[in-house]
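Asks: Here's the letter readout for the chains.
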Amino acid sequence: MELNNMAITSAEILQKLTQKFGEDAIHSYESYGMFTFETDKDINLKVLQFLYEEPSLNFQFLTDLCGIHYPDNTGKEIGVVYHLHNLVENIRIRYKVFAPKDAPNIFTASKLFSAANWMERETYDFYGVNFIGHPKLKRILNVDEMDYFPLRKEYPLEDQTRIDKDDEMFGRG
Amino acid sequence: MEHHVKLPEGSIEKLTTTLNLGPTHPATHGVFQNILELDGERIISTEQSVGFIHRAFEKLAERRPLYQITPITDRLNYCSSPINNMGWHLTCEKLLKISTPKRVDYLRVIIMELARISDHLICNSIVGVDSGAYTGFLYVMQQRELIYEIYEEVCGSRLTTNIGRVGGFERNFNNIAFQKIEKFLVEYPKVLKEFGNLFIRNRIFMDRLQNTGGISAERALNYGFTGPNLRAAGVDYDVRVHSPYSSYEDFDFNVPVGKTGDNYDRFLVRDAEMWESLKIIEQAYQKVQEFKGTDADVFHAEVPEYYLPKKEDVYTKMEALIWHFKIIMGETAIPKGEVYNSVEGGNGELGFYFVSDGGRTPYRLHFRRPCFIYYQAYEELIKNGLLSDAIITMSSLNLIAGELDA
Numbered sequence: 001m002e003l004n005n006m007a008i009t010s011a012e013i014l015q016k017l018t019q020k021f022g023e024d025a026i027h028s029y030e031s032y033g034m035f036t037f038e039t040d041k042d043i044n045l046k047v048l049q050f051l052y053e054e055p056s057l058n059f060q061f062l063t064d065l066c067g068i069h070y071p072d073n074t075g076k077e078i079g080v081v082y083h084l085h086n087l088v089e090n091i092r093i094r095y096k097v098f099a100p101k102d103a104p105n106i107f108t109a110s111k112l113f114s115a116a117n118w119m120e121r122e123t124y125d126f127y128g129v130n131f132i133g134h135p136k137l138k139r140i141l142n143v144d145e146m147d148y149f150p151l152r153k154e155y156p157l158e159d160q161t162r163i164d165k166d167d168e169m170f171g172r173g
Numbered sequence: 174m175e176h177h178v179k180l181p182e183g184s185i186e187k188l189t190t191t192l193n194l195g196p197t198h199p200a201t202h203g204v205f206q207n208i209l210e211l212d213g214e215r216i217i218s219t220e221q222s223v224g225f226i227h228r229a230f231e232k233l234a235e236r237r238p239l240y241q242i243t244p245i246t247d248r249l250n251y252c253s254s255p256i257n258n259m260g261w262h263l264t265c266e267k268l269l270k271i272s273t274p275k276r277v278d279y280l281r282v283i284i285m286e287l288a289r290i291s292d293h294l295i296c297n298s299i300v301g302v303d304s305g306a307y308t309g310f311l312y313v314m315q316q317r318e319l320i321y322e323i324y325e326e327v328c329g330s331r332l333t334t335n336i337g338r339v340g341g342f343e344r345n346f347n348n349i350a351f352q353k354i355e356k357f358l359v360e361y362p363k364v365l366k367e368f369g370n371l372f373i374r375n376r377i378f379m380d381r382l383q384n385t386g387g388i389s390a391e392r393a394l395n396y397g398f399t400g401p402n403l404r405a406a407g408v409d410y411d412v413r414v415h416s417p418y419s420s421y422e423d424f425d426f427n428v429p430v431g432k433t434g435d436n437y438d439r440f441l442v443r444d445a446e447m448w449e450s451l452k453i454i455e456q457a458y459q460k461v462q463e464f465k466g467t468d469a470d471v472f473h474a475e476v477p478e479y480y481l482p483k484k485e486d487v488y489t490k491m492e493a494l495i496w497h498f499k500i501i502m503g504e505t506a507i508p509k510g511e512v513y514n515s516v517e518g519g520n521g522e523l524g525f526y527f528v529s530d531g532g533r534t535p536y537r538l539h540f541r542r543p544c545f546i547y548y549q550a551y552e553e554l555i556k557n558g559l560l561s562d563a564i565i566t567m568s569s570l571n572l573i574a575g576e577l578d579a
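Top to bottom, those sequences are chains D and Z. Here my numbering is used: the first residue of the first sequence is 1, the next is one more, and so on. Here my numbering is used: the first residue of the second sequence is 174, the next is one more, and so on.
These aren't lab readings, by the way, just hints derived from the structure by calculation. It is possible that part of the hints are untrue.
What the hints assert, rightly or not - Covered stretches of chain D, going by a simulated chain Z footprint (3 or more residues, C-beta under 8 Å): (1) 22-36; (2) 85-94; (3) 115-124.
Stated by the list, open to error - Residues of chain D placed beyond 10 Å of chain Z at every Cβ, according to the derived structure: (4) Asp42; (5) Val47; (6) Gln49; (7) Gln60.
Please read all numbers here as calculations on a predicted model, not as lab measurements. Ideal placement from N, C-alpha and C gives every residue a C-beta, glycine not left out.
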């Protein structure tokens, strides 16, 4: 494919987004050269759809989708991070939405991107994000019987200095 | 659909057969389970389940300083560990804003392309095995052995390589390594030629692979395909070209693409990529040879805060011992920030999303594992096909359980 030299800039992406969703809806910054922005979680599908369909933006490739947990951000503890790629102009952007921990409901992107299906299941599996409208939201890497979301920050890995456990079989006795 | 068996009205028996393929099955080459619903030999539907060797890498990484994460990346796509290791080191370098000398880049390119060849060799020869031709698989193992010997000279290990450091390599390539690379460059083209002759225009092989497991470019993109699988569908997306890392822009190579995205095209794309990798290695080897005198001794960037000092110095010098301790314990400063970096892995875009809060370990590290993402298309690829084709489709997708389950 032709790499276009007239690629859209971060400022233009931001301008298009603010034009569509209003200035207050978009909080953006740049991290290591990647345009990153955050919106309210309720409009995530509209934003993704707009990025997908608007011909000048054309972000039609979902590179990555993952969760993140900030226990100290009250009311916005659980985040979902999308990495989108405009393959024609070769631009990547990052998009984040946050939801409260006690009701982590976020609309599913799996209708727009088939790739999102398992990535959302993975995010549910590890962070407990409830993707509304997902065709089959069940655990994917962990066992179905698991009753917690292990990548949340309140589950630390085992303390390696603990002495109350018999580890003889693992050479640590 | 027409059925041969006619069940009486109200029968509780069903017309289809449920077949449990996996999790441990010799034909799946890894731990995958598929619960297939079959009508005769035709697949009606399948339910995949994954996660049998899930090892919680992302959680582990949250407690490990940078160098302790490298061995984790070995165990993602273990057919091409060096690419994963270097992808991780490149991600750290991006976060730490370290630039590497050209010689380091070229040496890395040699190792990464060797890894790509060994990855593709395995995948393509396994496709052969699953379609009934075992010879190719055993034959190319010799070449993989040569590649592993080169790794061994460079880093001391073969499969889970843990190769390199942030900023470069742990030691300079020795003469034996260069000799082995030369030997590989001489022997490998003949083997690959023969390997191609064995399969590419083989009538039986073509009949088995053509028009099975195909996907359109549009669907492949929607499914997040990357790497040879996407290129086989006709999209020339390659991270090495689109976002060059490690000086890939200095090399002249083609990005082979297919048309139909079926098993045969995937095989051809991988085969062509192995030739391209060979071209890249030859160029990189030439470029490395052009460094003379003290330039030829450069094998890492000067970043004492992140590059581990020489082991001899650690045992004899105070300064080196302190740095060694600080680096291993993650006591050197890591900037705050978030970075996404990707490399062209053996089976697609291997991405690292690294969120740092300035602490000694990543706050969050997410691996974008290409085969986890494209394996979800498997159901669509094999639907209404034959069971025996589904086996070939699985191996031609190059699914690696270690990467899939992270």
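Asks: Next step is simple, just say for each hint if it's right about the structure.
Replies: Hint by hint, here is what the structure shows:
1. With 4 residues carrying a beta carbon less than 8 Å from a beta carbon of chain Z, the segment 22-36 of chain D meets the three-residue requirement, and the given coverage holds.
2. Check result for the segment 85-94 of chain D against chain Z: holds, 4 residues qualifying (beta carbon to beta carbon below 8 Å, three or more required).
3. Beta-carbon proximity to chain Z at under 8 Å applies to 5 residues in the segment 115-124 of chain D; the threshold of 3 is reached and the given coverage holds.
4. Chain Z leaves D:Asp42 outside its interface by the beta-carbon criterion, the shortest separation being 24 Å against a cut-off of 10 Å.
5. With a minimum CB-CB distance of about 18 Å to chain Z, D:Val47 clears the 10 Å threshold, and the non-interface call stands.
6. Even its closest Cβ contact with chain Z, about 14 Å, leaves D:Gln49 beyond 10 Å, as expected for a residue assigned away from the interface.
7. Residue-level check failed: D:Gln60 sits 7 Å from the nearest beta carbon of chain Z, not beyond 10 Å.
The structure shown violates just one earlier hint, number 7.
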